[in-house]
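Protein chains in written order, with this note's numbering: chain A, 1 to 304; chain B, 1001 to 1441.
Think of the hints as simulated: they come from the structure by calculation, not from any bench. C-beta: ideal position from N, C-alpha, C; glycine also. Mixed in with the good hints, there may be bad ones.
Here are the computed lysine to aspartate or glutamate pairs in the EDC-like style, where the Cα-Cα straight-line distance is at most 20 Å [said to hold, decoys possible]: (1) K1227(B) with D58(A); (2) K1227(B) with D60(A); (3) K1431(B) with D60(A); (4) K1244(B) with E1178(B); (5) K1258(B) with E136(A); (6) K1418(B) with E181(A); (7) K1418(B) with D148(A).
Every beta carbon over 10 Å from chain A, so not counted as near; a handful from chain B, in silico [what the hints assert, rightly or not]: (8) K1055; (9) K1232; (10) I1358; (11) L1422.
In silico contact screen, one side only, chain A against chain B (beta carbon under 10 Å); selected entries [what the hints assert, rightly or not]: (12) H37; (13) N39; (14) G40; (15) T128; (16) V131; (17) F146; (18) G236; (19) E246; (20) F266; (21) R268; (22) F269.
Below are the chains, spelled out letter by letter.
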Amino acid sequence: MRTSRLAILAFLSPWLLGTGLFFLYPLADTVYLSFTHYNGFGSPSWDGLGNWTYVLRDYDFFWPALRNTLWLVVVMVTLRVVFGLAVAQLVISVKRGSNVFRTLFYAPYLAPPVASTLAFVFLLNPGTGPVNTVLEKLGIPAPSWFNDPHWAKPALTLLALWGVGDLMVIFMAALLDVPRELYEAAELDGAGALRRYRYVTLPHLRPIIGFAVVTGVIATMQYYTEPLVAGQVASGQIGGSGQQVEPGYPAGSTLTLPQLVYNLGFQRFDIGAACVVAVVLFALSMLFAAVLMRRGGGFIEADR
Amino acid sequence: MKRIHRVLALAAVSSVALATAACGSSGSADDNPDAKVTITFWHGWSAPNEVKAIKDNIAAFEKKYPNITVKSVGNITDDKINQALRAGGDKAPDVVSSFTTDNVGEFCTSKALVDLTPFMKKSGVDAATVFPKAQREYTQYQGDQCTLPLLSDAYGLYYNKTMFAAAGITSPPKTLSEFDADAVKLTKTSGDTYSQLGFMPDYHGYESTITHFGAQWNPTYFTSSGKSNVGKDTGLTSAYEWQKALVDKLGGYSRLEKYRTTFGDEFGSKNPFMTGQVAMSIDGEWRAGMIKDSKSTVDFGVAPFPVPDDQADQYGKGYVTGTIVGIASTSKKQNAAWRFVKFLTTDTGAVVSFANAIHNVPSTNAALASSEVSQDPAFQTFIKIAQNPNSSTTPSSPNGGAYQLTLQNLGYAYESGKTTDLQGGLDQAAKAIDQAVEQAQ
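Chain A on its own, in the form it takes in the complex:
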């Protein structure tokens, strides 16, 4: 009995070691450090709830960053799923050249995030960008995009929609996977296009939509590169050698929680406070995932 248990442990050990070293230990340490005063040098000293009250009550950037992150989770993830599904539907409906469209819509997803963000900031530059030049020629009032606190997040959303290729491919596969005969049967029963979509297509897509939403929420919780690059490039301050830059330009509108983790931990040397934000992020991600998985009923059809 003992031997077999040990054998099981031994066989499990690669996984145990991996999970322990790279997941459980860092997680436990993050939670522990959030209750300590730790500047990265020396050793951490117990600080009770000090970091928590500082971040949640005194630190001016936490709540705006949380609001921004939630805004992006709600708006960006929803739009990406809807848009990805719509594009997938369109591409498979195209009679000729479906391959060309598939490639065209997928390609942007492969662009490195820094490069694509830079390109968007230049395209949407209110002073010199081609988009606003065209809008102004047409007499349409052009927003200042990445330079306007009200438009910065929508501009980031546009960037995310442009790179919707990953979702499109998954949705295409799922759409093509719906058995033809179900449509035929529904049609014989007199269901119109809308009803066929509602009662045949959507139920089949549910697990895929669930997957897209949950992974989208988690990715958006970790949204860092695009807002940081967009904010710095649009603000004109790249943070060269010796320069420190508070992220979130304009007016804190692109500040997200992961940026706070970096800013607190590595610019202000306040690892404890950075860990508080990290723990909040982790808890929120878990909460979202749990609620969505429960309501969505899992990713696999048979799970429900």
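Place chain B on chain A using the hints.
Chain B in isolation, oriented as in the chain A frame:
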């Protein structure tokens, strides 16, 4: 069975090894600097001319002290420095230099870099006579001189001579009211934008930051007890008010911001001063070198940045900052490392040749006064700013440049009109700075 135990034991040993590898070794200053030794020097310079200048400096040092070999590692960023200072070990640097002057407070309070005062005493280096006041200030934190200045940057006014002549302005402005008048005179609007702007005052306008402007009022950022003084410093209030008034005189925030989005990269060839989009700018001594190295045809002059009208007698001062260098407390060769730091920071020949090679302002009184230092008139203007006893800097704080970012954020809110109650904003900033500093300690 045995095998399984061995596997488990191996796993246990390796995790213990990982855990202990993170603990650094503590350094000491009882090494013999005359013994044959190799020290490691980390710095941030990466451009070919900069790296060559460093190498030349090291060669001169090794010639003077043949027993010490310096291994230099360039292009080092601050996070790498922090990591190395934390970990220590044989490969960790003995001497580090950083461009992020703001981090001095952190380096000192965390004891990551050693206090150099005992070393200076032993070698008879009197910081007060060797280094100018501002340079001494930004290299220490509350008396702990854990770094020394290794070249400086001074800020002044760049002006476009062609545009000055066209506007009938014969000499650079000396007071801020003259400056405002000139800025308006040099501004040409076109529709809802500009064909030429006198000066870009917006806080995102590259070097137009509140701390660079603020230096003209010599603000006291922290009281002697380390509390934020920004809510009480009238100079800082005047700096905010002056900037906001200039924003309004030049056409208002929105219009200026829109024009700002047409500017090219600050450190590229499309810098707005170099393209003629602005007639005047506040910038460091390096800009003159950049203009000469680029194809820009701008005919420019430099002068100290204007002073408040009631301080006209102090014309000539400006904002000063610079690169810092210190000795890692994990180093076991601190005496040898000190020889190198002393050479880099106090040897007049070394400071002058390094300054000339990379177009930075020297950081010792002797080097500033040296006839060997570049006599180019533009460069000499910045030398004089660095020498000026009224020039000031931003003091170090235990959480890096966080307080400066808080002040910048207030600036953004005030210039855009989002905040109209400046005093309230400053009081709130002072509170936030104190809370952040307290949190860091």
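Violated constraints from the hint list, given by number and in increasing order: Structure breaks hints 6, 16.
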